[in-house]
Amino acid sequence: MQVQQSTSGSYLADRAARIIFLVCAVLLIIVIIGVFVFLGLNGFRVFREGANIRDFFFSNNWDPTGNGDVNGNPSFGAGGLVLGSIVVTFFSVIIASPLAFGTALIFTEGGANWLTRLLKPLIEVFTGMPSVVIGFFGLVVIVPFLQKLVGNIVGNHQTAGNGWGAAILVLVIMILPTIISISIDALNTVPAGVREASLALGSTRWQMMTNAVLPAATTGLATAVVLGMARAIGETLAVSMVLNGSKLPPLKNIFALFFQPNVNITQYIAIDFGEASGPARDAYYTLALILLAISFLFVCLSRYLASRSVYK
Amino acid sequence: MFKNQRVAFLLVTIAIAISVLISACGGSSSSSSGGSTSSSGGSSGSTPTTLGTPGSYTCVQGSLTAAGSTALAPLVTDVAKKYQAKCSGSTITVNLGGSGTGLSSAENGSIDIGNSDIFAKTGQEDLVDHQVSVVIFTLMVNSKVTGVKSLTTDQLKGIYSGKIKNWSEVGGPSMPIVVVSRPTSSGTRATFQKYVLGTVETITGPTNLTTDSTGTVVKNVQQTDGAIGYAASGPAKKSGLTILNIDGQAPTPDTIKSNAYKFWNIEHMYTKGKPKDLAQALIDYMTSSDGKDSAQSLDFVAITDVPSAALQTHQVH
Chain A
1 MQVQQSTSGS YLADRAARII FLVCAVLLII VIIGVFVFLG LNGFRVFREG ANIRDFFFSN
61 NWDPTGNGDV NGNPSFGAGG LVLGSIVVTF FSVIIASPLA FGTALIFTEG GANWLTRLLK
121 PLIEVFTGMP SVVIGFFGLV VIVPFLQKLV GNIVGNHQTA GNGWGAAILV LVIMILPTII
181 SISIDALNTV PAGVREASLA LGSTRWQMMT NAVLPAATTG LATAVVLGMA RAIGETLAVS
241 MVLNGSKLPP LKNIFALFFQ PNVNITQYIA IDFGEASGPA RDAYYTLALI LLAISFLFVC
301 LSRYLASRSV YK
Chain B
1 MFKNQRVAFL LVTIAIAISV LISACGGSSS SSSGGSTSSS GGSSGSTPTT LGTPGSYTCV
61 QGSLTAAGST ALAPLVTDVA KKYQAKCSGS TITVNLGGSG TGLSSAENGS IDIGNSDIFA
121 KTGQEDLVDH QVSVVIFTLM VNSKVTGVKS LTTDQLKGIY SGKIKNWSEV GGPSMPIVVV
181 SRPTSSGTRA TFQKYVLGTV ETITGPTNLT TDSTGTVVKN VQQTDGAIGY AASGPAKKSG
241 LTILNIDGQA PTPDTIKSNA YKFWNIEHMY TKGKPKDLAQ ALIDYMTSSD GKDSAQSLDF
301 VAITDVPSAA LQTHQVH
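From first to last, the protein sequence lines are chains A and B. The opening position of the first sequence corresponds to residue 1 in this note's numbering, with each subsequent residue numbered one higher. The opening position of the second sequence corresponds to residue 1 in this note's numbering, with each subsequent residue numbered one higher.
It should be emphasised that the hints constitute simulated quantities derived from the structure, not laboratory data. Glycine residues also receive a C-beta, built at the ideal position from the N, C-alpha and C atoms. If a hint is listed, it holds; no wrong ones were tucked in.
Label pairs and their computed distance ranges (CB to CB): (1) A/Met129 <-> B/Lys144: 32 to 42 Å; (2) A/Glu124 <-> B/Gly248: 52 to 62 Å; (3) A/Ala192 <-> B/Ala8: 30 to 40 Å; (4) B/Leu96 <-> A/Val140: 21 to 31 Å; (5) B/Gln223 <-> A/Phe296: 30 to 40 Å; (6) A/Glu124 <-> B/Gly147: 46 to 56 Å.
In silico lysine-lysine, DSSO-like type, Cα no more than 27 Å apart, as pairs: (7) B/Lys157 <-> B/Lys219; (8) A/Lys247 <-> B/Lys163; (9) A/Lys247 <-> B/Lys194; (10) A/Lys252 <-> B/Lys165; (11) B/Lys219 <-> A/Lys247; (12) B/Lys238 <-> B/Lys219; (13) B/Lys165 <-> B/Lys144; (14) A/Lys148 <-> B/Lys219; (15) B/Lys238 <-> B/Lys149; (16) A/Lys247 <-> A/Lys148; (17) B/Lys194 <-> B/Lys219; (18) B/Lys219 <-> B/Lys144; (19) B/Lys157 <-> B/Lys144; (20) B/Lys257 <-> B/Lys194; (21) A/Lys148 <-> B/Lys165; (22) B/Lys163 <-> B/Lys149; (23) A/Lys148 <-> B/Lys144; (24) B/Lys257 <-> B/Lys238; (25) A/Lys247 <-> B/Lys157; (26) B/Lys237 <-> B/Lys257; (27) B/Lys194 <-> B/Lys238; (28) B/Lys144 <-> B/Lys163; (29) A/Lys252 <-> B/Lys163; (30) B/Lys163 <-> B/Lys194; (31) B/Lys237 <-> B/Lys149; (32) B/Lys237 <-> B/Lys144; (33) B/Lys81 <-> B/Lys272; (34) A/Lys247 <-> B/Lys165; (35) A/Lys148 <-> A/Lys252; (36) B/Lys194 <-> B/Lys165.
Which stretches of chain B does chain A cover? Using the computed rule of at least three CB atoms under 8 Å from a CB of chain A, they are: (37) 87–99; (38) 187–201; (39) 205–217; (40) 224–238.
With these hints in hand, go ahead and build the complete structure from the sequences.
Structure follows, in structure tokens:
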């Protein structure tokens, strides 16, 4: 009798737990699809209110309220903003990933014990650092440093240092600890057998790391890069503090793009969205949708690269 | 694995496609001021009420939320604090968020008073305008720009269109002029363009920085050699930067009363319809003698001191 009671009770608990988890998962899916639908509903309205799709993506004059124009006509040229977000995210991820993977390898493959013991709490503190603090650091340290470095080459000496270069550096600092912690976890889950097999076949430690361990951990490393990239693309305040631009500079001068005041999607959203209304607000919804699309593309890209790994 | 990714990709594409279809078939929520392309609309449709009886106040119990302009917030907070000290039983909360947010929140009823630097837009006709104060804006220059104390309107037009590029052309040292602007949606920039320049700022390029909040503008002008920018008078004076006269007129309450100095703005507190008792009491208190003391200490000008001839020049867009 007692055995029957306890099994039916635990069977009930099983069913209840399963239902609760199912509800959580469904809620999550509803939220995510809800975000897409919300942005989609609001994001396409601006094209019926006077914006032109071609101009939106390929022209440079972003003035959705019309206050910058003599006649008060708004212009919706987000090409510069989109390019800014893509370039800044791409370069910050490209620069931060190898550094992060190297640090993670130090942690997992042995190496100086004192270093790892020092780094571990530091990285945890760093991961939790508020982005506005890093933004201040960027404004007060990185921008003057870059100004001293390249100020004599670019057009204007006084405003040099602002721009995509400073934004990339700020973002690298911000996403490095995220990628490092997740990479460490990813590398730790590589079975010891992989390392032993590699060493047994006669590879040096370096060959083992690059040819055996890293490929085996590719999916985890891709997750790390994706999370870092997500943090980079959505970063608003820190980036707007070091960009300070109003328009994309002419494209032929590469130095000006990276070391003069420049623009970005999240910078304009941070500056303008609270005060915008009407068509301007709809334009910002469209920008948010574009940001979502860009991050989606990056996720697909990194997943594709990860799926080409040798170990499945 | 690739199959799972494909399924996910398809689901997301379907979600986006559905939302495109729904929006193309007419959309569901309505946007405010559909179709209007400029942010400055007509007046709110009712005559502005400005004053209660100076010096007096009525104590009303209850709670109140005011939100909106960051320029007006220090004054409202100060006056509200004095009011709550004199009338226990009243609770007043002052939030930020910007003039646009203040107006739209007052319009949809989520707050009682919307503080605003700008007039309400078309489509917000049931907001009642109470003009409570006058905020002074000033031009500031970086400390390296010595010898420039005043700029004429023509010189300002040249600087803000990029024609005048060097401080030596206007009496300063030989240094390129760096213009620190506000974003195009800023009410401060709209005031500057309308009442000082007479036209829009057209400067772009490497000598132009665009930043939003007053604090960042002040910081940029302090840090960048040869920079010029504008901000509300209180923070500008606190920063220690050189304040410029415009056309020889200094930014003082007297030049504002005669409208010789034009770079100022009326501050509004909007309520939806007739204000409730506590809101009306607070608005009256803003123009009382205690309110005037707060205004003076924070570098505002009490609106009761400004003659209506000057006020008329800064009314409706």
